[in-house]
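Number of protein chains: 2
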Amino acid sequence: MNKRGQLSFVADVSTDLWGSGFGEVARRLLTAGVGCFATAGFMATTTRDITAGAGVSPAALYVHFPSKEAVLFEIVLAAHRDSLRVVREVEVCGDPADYLRTLVSHFVAWHARYHVAGRVSQYELSALSAEHFDVIVGLRHRTIEVFHQAIARGRGVGAFPVVDEHRVVRAIVSLGVDLVRWYRDDGADSPAELGEFYGELALGMVQAAGARARPPGDLLAGGAQAANE
Amino acid sequence: MNKRGQLSFVADVSTDLWGSGFGEVARRLLTAGVGCFATAGFMATTTRDITAGAGVSPAALYVHFPSKEAVLFEIVLAAHRDSLRVVREVEVCGDPADYLRTLVSHFVAWHARYHVAGRVSQYELSALSAEHFDVIVGLRHRTIEVFHQAIARGRGVGAFPVVDEHRVVRAIVSLGVDLVRWYRDDGADSPAELGEFYGELALGMVQAAGARARPPGDLLAGGAQAANE
DNA sequence: GTCTATAGCGGGATAGAC
DNA sequence: GTCTATCCCGCTATAGAC
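In order, the protein sequence lines correspond to chains A and B.
If you use our numbering, the first sequence corresponds to residues 1 to 229, in order.
If you use our numbering, the second sequence corresponds to residues 1 to 229, in order.
Incorrect hints may appear among the rest.
Covered by chain B, per the in silico footprint, the following chain A stretches (three or more residues, Cβ under 8 Å) [said to hold, decoys possible]:
(1) 34-41
(2) 116-129
Distance ranges between label pairs, derived from CB positions [unchecked claim]:
(3) Gly158(B) x Phe22(A): 49 to 59 Å
(4) Ala52(A) x Arg140(B): 29 to 39 Å
(5) Ala44(B) x Asp185(A): 27 to 37 Å
(6) Ser67(B) x Asp98(A): 50 to 60 Å
(7) Tyr62(A) x Ala152(B): 52 to 62 Å
(8) Phe22(A) x Gly156(B): 54 to 64 Å
(9) Gly21(B) x Asp134(A): 39 to 49 Å
(10) Asp185(B) x Glu69(A): 58 to 68 Å
Note that these hints are calculated values from the structure, not bench results.
These figures come from a predicted structure and were not determined experimentally.
All C-beta atoms, glycine included, are put in the ideal place defined by N, C-alpha and C.
Let the hints inform the model, and build the full structure from the sequences given.
Structure follows, in structure tokens:
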């Protein structure tokens, strides 16, 4: 739809993520960090890359952040906080199907819109310190919980079939998260369009999971699985 | 489930991936490389890590491979070749639904079984040289094509609704690939179980994509939109 | 073909002027 | 708060003995 030249006016949307607690230079460092970490990875990114991207000298980074890892943490923290905010702001309407569809739609649209920061948030977690990692895991649990309650509510009122809730939630979230691996701004789908489409897919997944014949005697299914679930 | 010390008896299944073209030491280096790259990433992995894991001196790596990048390439190449082989070996049976379900099931089970090598294959591509990267992209296209034909065949005989084929294929493959991000060997689901479950989910996704309510006035929905994507 | 030893380089973090 | 200059460590890759 958009013609050539129009991409340049699109500012890096990652800048929307930085809270008011950061000054001008700190925000520029964070934005530069997102780009560097997303394309090259944390370890392959040098502090000189980040500071050059922000237009300051290498030493200036340590005025605003205690370490390179701290820059990564602030990025990952801001992204996880914002995506949690988005799913929590979805109004719990009467129809469970509408609610789940809207929930998935917003979650997916967020990951499409912030796919660059999302890539950093998903793939560079191993570079975080143990303490910082724990903070992020906590936020992830809270996000997952929103989806769990959406499925449980639908099943409670009979709108959804009985499903292996953990597996279905994991699959739906997995589908949304994986966007950050392949989504491109110049692709065919806008974040909103993709969100709507995936909202329908999620409903189809719930129905298919309910229709599925379970293995005989598999009464304990749905237990804990992944470390970062 | 497993207590300490018991993990060591679980042979790394990545060793199944190395072809007969590699000697004993080269295979050990590749296997060690998989573990290192998966946990720390390519850039954070040192040649000392890899050689120590293989039980040889740092210099021995360069007898068997020209560079650290070459070790990564052989790993990624072997993984992509093997997953392509698996989906191609699925027999094209009469029922399109059975075929798609089996296809997804095997694709997913492969990524669960080889999730460690799969993680390297999916997340360390940026560390490859341009030439090596192109080789991998070619293999990925061939894998995607198998799924496209499965959907197209089902639609051709009326077993599947008219869907936005690119979007559906991308979502199904995305779901399978993202396993490598969270799957754990000590989790609740075996590769085969997860494959079966995801096979059902894929069918539900195809149905949901077909049943999806189009925006009002969008009378050209379906074929026309998908055709030129 | 494997080893020890090391060359050569690049990056995280810091010192101190302004 | 930003700069220039630099320390010091650790990494890839190589040299040369065995």
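Are Asp185(B) and Glu69(A) spaced within 58 to 68 Å by their CB atoms? violated (29 Å)
Just tell me: holds or violated, for the beta carbon distance of Gly158(B) and Phe22(A) against 49 to 59 Å? holds (57 Å)
Kindly confirm whether 52 to 62 Å is satisfied by the beta carbon distance between Tyr62(A) and Ala152(B). holds (56 Å)
Mind checking the hinted window 54 to 64 Å against the Cβ distance between Phe22(A) and Gly156(B)? holds (55 Å)
If I claimed the Cβ atoms of Ala44(B) and Asp185(A) lie 27 to 37 Å apart, would that claim hold in this structure? holds (29 Å)
Check, residue by residue, whether the stretch 34-41 of chain A contains three or more positions whose beta-carbon lies closer than 8 Å to a beta-carbon of chain B, and give the verdict. holds (count 3)
Closer than 8 Å Cβ to Cβ for three or more residues is the test here. Does the stretch 116-129 of chain A pass it with chain B? Since three or more residues must qualify, the claim that chain B covers the stretch 116-129 of chain A holds, with 4 doing so at under 8 Å.
Go ahead and decide if the range 39 to 49 Å is satisfied by the Cβ distance of Gly21(B) to Asp134(A). holds (44 Å)
Does the beta carbon distance between Ala52(A) and Arg140(B) stay inside 29 to 39 Å, or does it fall outside? Given about 33 Å between the Cβ atoms, the range holds.
That 50 to 60 Å hint for Ser67(B) and Asp98(A) (C-beta), does it hold up? holds (55 Å)
The structure is inconsistent with hint 10 alone, although it conforms to all the rest.
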